[in-house]
Each structure stands twice: as structure tokens, then as C-alpha cells.
Amino acid sequence: MADQPTLWDRRPDEPDPPGPAPRPTPRILRVTDLNRRVRSLLDADAVLADVWVEGEISQPSFPPSGHCFFTLKDANSQLRAACFREELARAVVRPAHGMNVIVHGRVRAYEPQGVYQLYVESITPAGAGDLHARYEALRAELTAAGLFDDGRKRPIPRWPRRIGLVTSPVGAVWRDVTNVLRRRYPLVELVLSPTVVQGTTAAPAIVRALQRLYAQDELDTIILARGGGSLEDLWSFNDERVVRAVAEAPVPIIVGVGHESDVTLADFAADLRAPTPSAAAELAVPDGGQLPAILSRLRDRAGAALLGRAAERRRFVDAERRALAGLAPDIDAARQRTADLLDRGSRTLTDRLERRRLQLAATADALRTLSPMATLERGYAVARAVDGRILHDAAEATVGERLHVILSRGTVETRVERVRADAEEELLS
Amino acid sequence: MTDRPITELPDDELVRRPFDELVVALQQIVQRLEAGSAGLEESIELYKHGLRLHAACETRLREAELQITELGRRGVAGAEPEAASAPGEAPRD
Chain A
1 MADQPTLWDR RPDEPDPPGP APRPTPRILR VTDLNRRVRS LLDADAVLAD
51 VWVEGEISQP SFPPSGHCFF TLKDANSQLR AACFREELAR AVVRPAHGMN
101 VIVHGRVRAY EPQGVYQLYV ESITPAGAGD LHARYEALRA ELTAAGLFDD
151 GRKRPIPRWP RRIGLVTSPV GAVWRDVTNV LRRRYPLVEL VLSPTVVQGT
201 TAAPAIVRAL QRLYAQDELD TIILARGGGS LEDLWSFNDE RVVRAVAEAP
251 VPIIVGVGHE SDVTLADFAA DLRAPTPSAA AELAVPDGGQ LPAILSRLRD
301 RAGAALLGRA AERRRFVDAE RRALAGLAPD IDAARQRTAD LLDRGSRTLT
351 DRLERRRLQL AATADALRTL SPMATLERGY AVARAVDGRI LHDAAEATVG
401 ERLHVILSRG TVETRVERVR ADAEEELLS
Chain B
1 MTDRPITELP DDELVRRPFD ELVVALQQIV QRLEAGSAGL EESIELYKHG
51 LRLHAACETR LREAELQITE LGRRGVAGAE PEAASAPGEA PRD
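Those protein sequence lines, which keep their order, are chains A and B.
Residue numbers 1 to 429, in the working numbering, belong to the letters of the first sequence in order.
Residue numbers 1 to 93, in the working numbering, belong to the letters of the second sequence in order.
Hint data in this document are derived by calculation from the structure and do not stem from the laboratory.
Be aware that a few hints might be false.
[As the list claims (entries may be wrong)] Derived pair list, reagent style SDA-like, types lysine to any residue, alpha-carbon separation capped at 20 Å: (1) K48/B <-> P275/A; (2) K48/B <-> E121/A; (3) K73/A <-> S61/A; (4) K48/B <-> Q67/B; (5) K48/B <-> L295/A; (6) K48/B <-> G98/A; (7) K48/B <-> G303/A; (8) K48/B <-> E70/B; (9) K48/B <-> T59/B; (10) K48/B <-> K153/A; (11) K73/A <-> G228/A; (12) K73/A <-> S40/A; (13) K48/B <-> D300/A; (14) K48/B <-> L307/A; (15) K48/B <-> S37/B; (16) K48/B <-> E141/A; (17) K153/A <-> R134/A; (18) K153/A <-> P275/A; (19) K48/B <-> T7/B; (20) K48/B <-> F62/A; (21) K48/B <-> G228/A; (22) K48/B <-> A144/A; (23) K73/A <-> E86/A; (24) K73/A <-> E121/A; (25) K48/B <-> L298/A; (26) K48/B <-> S61/A.
[What the hints assert, rightly or not] Taking beta-carbon pairs under 10 Å as the criterion, some of the chain A residues facing chain B (in silico): (27) T178; (28) L190; (29) A209; (30) A374.
From the three backbone atoms N, C-alpha and C, an ideal C-beta is built for every residue, glycine too.
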């Protein structure tokens, strides 16, 4: 296809097709080819390759890619602009709607969409040099005066009853803040102190609106809020009078001005800085959506504590009862103990009696052994005189005297015939 | 406003108390119950108070409507000094 000549490929010196009649058949271009040709034309332009443009940013978009796309415009015209992630990170300011800027970059065509746009290399706020210098000087002065000290920051009341709001009575901020409060914590009372927030009269008006609130009793928190805008639009929040008025707030004050990237001196002077007006409203009140759950938990804890208390009482009573039961006389045990004692006593007694009986028997045996009858059993005899004397010596007997000879069984009455001195021979003969 | 403890207020007065006061009272009751220093009878009383406070909180939440006052306008400033003054008196702001 590229070999085929196109309308654009005609050399300047090539004569025009003969005409007027017959009319030549126009060469048909593909869209891609046309866009490529426009692109090469633009790329060849030295001015467009390195250009500085001043204008107002409109409708910036920040897709997930991290790049930024916006329209740069003035009173009569607009220009598409693209700022890639790397350049965006280096930019002094984050592109915001309405921001007046000077942009440096090059103009190229984007073939797939057939558009030309400004590829941004740097963005600077228009007139930033002057404003920025004033901002830094005032910031240094007020920092030195201690207005921004962390030690001055007061905690935001957790359960506010009355909240004061300084903002424009018309526009999105007023609506956004009331919506947030209505949704999150409608228990609060909102006191609006309206003011203009833009233009040369804004600073003193904001101060007056703040002071009207400061005269109010029983305010818990104050919110000072303004929607996004150009640096110039937000400038009144860098005005020394406003910053000092914020620092003098008798109750904790939250400042939410512009977008997340806009940091004004009023933000520094506040007790709490919110990135946006809606965020300021959210920071000012508890999350009402959580309240039913919080309340239920409290009620459950009370119930659990009461049940625990009751269980504890029951355990206490049980323990007391057991202790009392321990103090009562245990008849059964006593009876048992008595029986045991009796048993042991009687057993001891029986043992002792038995021992005595055995001893007695032994004694009786011994006695029996020693008894004269036992001797008589062995064949001995006792000779006793009539007067009862027991004869041990033959000399004690008289001839003719009657003697009783006592044997083991029975007694023999005898008369002494003769007395002899010898005994042993007689016994052994 | 009375000096009576919040737990002794009848239900209709209870629901007019500031919400945070009700929640704080409820939290205190829970803490006392959990501390376990109250006797059983007192604990039961505390628990009943807790239930009433919880009910009052729920009523407040259910019926809450954002109340808006605007300063510097006639007749709408509920918290402004002139709101309480006699009609016809000149507004101050």
C-alpha cells in the first residue's frame, strides 16, 4: 500500500492534472495515514516542540494510571493537555480546576484519537513567585509567633452538641457539610455563620463570621470550610487576619479548605486540619452508624456483668452453706468414733483378761507342782502326830505313839513300834 | 435542668437529655457493674437504669434530626439572643 502514490505524495514540480475536464479521481487516504502526516508536521515545528503557555486549568482528571489530563483555557480558546506521572510528581502544584498556571511542554498529535495536545513537562502557578514569597514570609512570622505550635492543638470533642460552621451559605460546601452531619450524627445542632469566601472582601468577612461564633455560648467545635478553587481564590485563608482569628478560637476549630493538596496558613493555625470540607464535617462528629452497635455492646456488657454478679453471689452462698455445714455437729461421725473407741477399749480389755487368765493358769500349774499332794503322788508320805505335828525326824516319834501316815490317796493310822535313826538305807533297801 | 442524678429522671425527661450525657451515664453504669463492687440488689437496680438509658439513647438516635441555626438572620436564630426576646425588638446583627 505504501508504494501506491497518494495525494500527498505528488511532487511540487509535478504538473497539475489536466483539467478542468475530466475531473480527476481524488486519492483516498486512510485515517491512519492522515494522522501520521499531521503528527510529522507538528513534530517538525521548532516552536511547538518547546513552548510556554499560560492559561487556566479546567476539569483535571486523575485516572488510575497516575497521569493527569486537563484542559488549558483562556477566554476564547482551549487546549488539551496531558501530564504524565513522572512530570506530575515533579510539579510544584497539583493541577486543580480553575488554577491559573504557566505550563512548559511540547505540542504533538496523538494519532489514535486524531487530536493534538500539549505534553506537559512542568507546571507553575501563574504569578506564583510573588504570592509564594508572601506566603512563606507570613508563615515564618506566624511560626515564630507560636501560632502553629503543636502544643496549642486541642483535641476535638468526641460527642459535640453544638457545632459552628463558617462558610458560604450558598454552594456545595454548605450542602456537603449538612449532608455529612445529617448522615453521621444528626444529634448535633449546627450553627451556621455565613460569610463570603472569595474576593478581596473575604478575609475580613471570614474574621467577622468567626467572631460571631466566638460570641456564642456552648459551642463545642467550629468548622471553617471552603471548596476548592484557584490559588487566588483560596488566598484569603492565607490572610494574616484570618489566620490569627483561627488561632484565637475559644473552642477547637477544624479547617477544611479546598482539596487535599491545598494547604493554607489557616490550616496550620487550626486545631485539626481536614483535607476537604466534607472531611472536616466527618472529623467533627462520631460515626452515628456505629452508635447502635456501641450501645448494644454496652447493654450486653451490663447484662453480662449482672449475670456474673448473680453467679458470684450464688457461688458465695454455696460456699457459705458448705462452711456452715462443716460447723454443724456430725452425729454419725461422733457415733462412729464412739463405737470405734468402745471397740478398741473392749478389745484391749479382753486381751488383758486373757493374758491374766493365762498367767493364772501358769501360776496354778506351778502351785500344783509345789503342792504336797503332788509329792505324795510320786510315792512320798507325810507322817503326822495326833497333835498335828508333821514328823521330819525319827527322834520326834515315841514308841507306842499313834501316827497318821498320809498317802496320795487315803490315810493310814499306825502305831510306832520302834524308832531307828537310819532312813536312807531303809528307803533304798 | 435539675441536680437529680440522671438515672432518677422519668423516661420522658431522660430522652431530652444530651445524647452524650446518656451514653456517659450508661458507660458509668457498665463500669460499676463490671467492677463488681455493688451488691446484688444494687447491681439489679444499676442494670435496670442501664436498660432505661439504652432505650433513651435508641429513641434519641431514631428521632434525631439535624437542627440548623443560622446566625445573622431575623427569626431563625434559635441560639441567638434576639430569638428569646420579645417580637418587634430590633435584631442586633
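**Message:** To test your reading of the hints: which numbers does this structure violate?
**Reply:** 1, 2, 4, 6, 8, 10, 12, 16, 17, 20, 21, 22, 23, 26, 30
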